[in-house]
Amino acid sequence: ETGVTQSPTHLIKTRGQQVTLRCSSQSGHNTVSWYQQALGQGPQFIFQYYREEENGRGNFPPRFSGLQFPNYSSELNVNALELDDSALYLCASSLGRSDTQYFGPGTRLTVL
Amino acid sequence: AQTVTQSQPEMSVQEAETVTLSCTYDTSESDYYLFWYKQPPSRQMILVIRQEAYKQQNATENRFSVNFQKAAKSFSLKISDSQLGDAAMYFCAYRSADNNNDMRFGAGTRLTVKP
Chain A
64 ETGVTQSPTH LIKTRGQQVT LRCSSQSGHN TVSWYQQALG QGPQFIFQYY
114 REEENGRGNF PPRFSGLQFP NYSSELNVNA LELDDSALYL CASSLGRSDT
164 QYFGPGTRLT VL
Chain B
-6 AQTVTQSQPE MSVQEAETVT LSCTYDTSES DYYLFWYKQP PSRQMILVIR
44 QEAYKQQNAT ENRFSVNFQK AAKSFSLKIS DSQLGDAAMY FCAYRSADNN
94 NDMRFGAGTR LTVKP
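Chains A and B supply the protein sequences, listed in that same order.
One rule links them: number in our numbering = place in the first sequence (from 1) + 63.
Numbering-wise, our numbering puts 1 at position 8 of the second sequence, and it's gapless, one number per residue.
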């Protein structure tokens, strides 16, 4: 059974650019949640996708958007990057919306 | 809004000894889930243990156990027979049973294990 995978591992962008992060959910999982973890802090919920529909969103601006595909993999898109967007972005998948979330290794985004 | 507080930024324990990590949370809900996740330097969050609020019995997973005090809104993690591989950041997390897409995390406790 393959766990949650994320790509790329690291990414460096400049302010104002756009970025796409990818997540493959664990086999059989139909729900994907995205989190932002700033240095020295706990993860903060960005949004969740369930069966290709957004199922809840945290306190993040609209320039953070996402997609979920029929195979339940997911993308996180961030437009107009700001310096404060530098963080570890974590993806977690679960069997359903209320089930335990299992995390991927994260993507480290640096915005210069 | 639900908040999770971990009051110990850092803890250390001698190998083979026992350590307890503290977590308190604030909620007006009666049904929810609580979790402890471990994040080693590899960055991947690993589920350590899960507790359903409606269950009075404290969850246990091998050397890891919790002390869940619902009235006090406290959820501490006890690690017995500490091993070098237990060294990591530990995060306490809360998730509502109703609004189950939003998991709230504490700021974390960095655990050091001394040989």
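Quick caveat, the hints were computed from the structure, so don't treat them as lab data.
All values reported here derive from a predicted model rather than from experimental measurement.
Backbone N, C-alpha and C define an ideal beta-carbon position, used for all residues, glycine too.
It cannot be assumed that every hint is accurate.
Not everything, but these chain A residues come out facing chain B in the computed CB check (under 8 Å) [claimed, not checked]:
1) THR77
2) GLY79
3) ALA101
4) GLN104
5) PRO106
6) TYR165
7) PHE166
**Prompt:** Hint by hint, which ones does this structure get wrong, listed from lowest number up?
**Reply:** 1, 2, 3
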